[in-house]
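Student: Each protein sequence line maps, in turn, to chains A and B.
If you read the first sequence in the numbering used here, its first letter stands for residue 1, the second for the next number, and so on.
If you read the second sequence in the numbering used here, its first letter stands for residue 1, the second for the next number, and so on.
Accuracy of the hints is not assured; some may be wrong.
Intra- or inter-copy, both count: the list cannot distinguish identical chains.
Claimed, not checked - With a straight-line Cα cutoff of 27 Å, these simulated DSSO-like cross-link-like pairs (lysine-lysine) come out: (1) K104 / K8; (2) K118 / K8; (3) K96 / K149; (4) K121 / K96; (5) K121 / K8.
The set of hints was computed from the structure by calculation and includes no laboratory data.
2 protein chains.
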Amino acid sequence: MQNRFMEKAIALAIENVRRGRGGPFAAVVVRDGAIIAEGTNRVTFSNDPTAHAEIVAIREACQALGNFQLTGCEIYTTCEPCPMCMGAIYWARPAKVFYASTAKDASAAGFDDSFIYKQLKLPATARRIPMIQLMREEALEAFRAWEQKSDRIEY
Amino acid sequence: MQNRFMEKAIALAIENVRRGRGGPFAAVVVRDGAIIAEGTNRVTFSNDPTAHAEIVAIREACQALGNFQLTGCEIYTTCEPCPMCMGAIYWARPAKVFYASTAKDASAAGFDDSFIYKQLKLPATARRIPMIQLMREEALEAFRAWEQKSDRIEY
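Based on the provided sequences and hints, a complete structural model is requested.
Tutor: Written out as structure tokens, the structure reads:
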């Protein structure tokens, strides 16, 4: 069963490359033994650097479920998720993730995954993209507005 | 100038909470001294766990530029980006990022940022969301298809 879903994801990834739609990555979201969403990498095709397979699949699955959580779902992705997609997975909170190739395999094929993982472990001041803090006090007002909002929807 | 852009982002974040559109976060993308895109958190409003302010702003900026890169742009975000958004920033490759409140401030207000940063530092097998590897050999075929594609668009 698990292999069948991963086979589907791998087929989608290869088709995505052959059709010139983006990078060699795909993912499917499964619930109760059925695929509820598919995603392929569309970065260059859609001019969207966030359109990784997992992000596309998570967004589509959430639309299908009418929910911002993937409770009880499984994600099958052809490659170990990059930090962006790992973050998205934590926010979507599926039950499990299955992956096939590794971040190292992705890096060997020219993708930045391992580099970004290393960057995220550095303090903000040591990162390649400069991160500069300003106006913290003023920004805390947004959190106060949130805490004071009695009908807020937590996520 | 920097403060003006951050003030705008903070105002958008507060307005987002007051209007019940999502969490207390906003971001703007600036190029050549002008705002080219704005984003606010839309997770609950759009049923999209990836709709963080930075992701929304990056996607909108890329559409405005017709490019999948934010070369030469600056991102002003009301809060230190979560791992998902940091990953997106690395893929979008802006020149600089300005942030106001910290991941710790976000966690104090009930958001998972610090938890996810800690999870990403753990090996896949030790993470809260189980990560299971299968079919690596079969998946490498997608990378081979990519390497063999002479007209591939790298990103």
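Student: Against this structure, judge whether each hint is valid.
Tutor: Here's how the hints hold up against the structure:
1. K104 / K8: Only inside one copy: K104 and K8 sit 22 Å apart there, 40 Å across copies, limit 27 Å.
2. K118 / K8: neither (31 Å within a copy, 32 Å between copies)
3. K96 / K149: neither (33 Å within a copy, 32 Å between copies)
4. K121 / K96: both (24 Å within a copy, 18 Å between copies)
5. K121 / K8: neither (33 Å within a copy, 30 Å between copies)
Hints 2, 3 and 5 from the list above are not met by this structure, while the remaining hints are.
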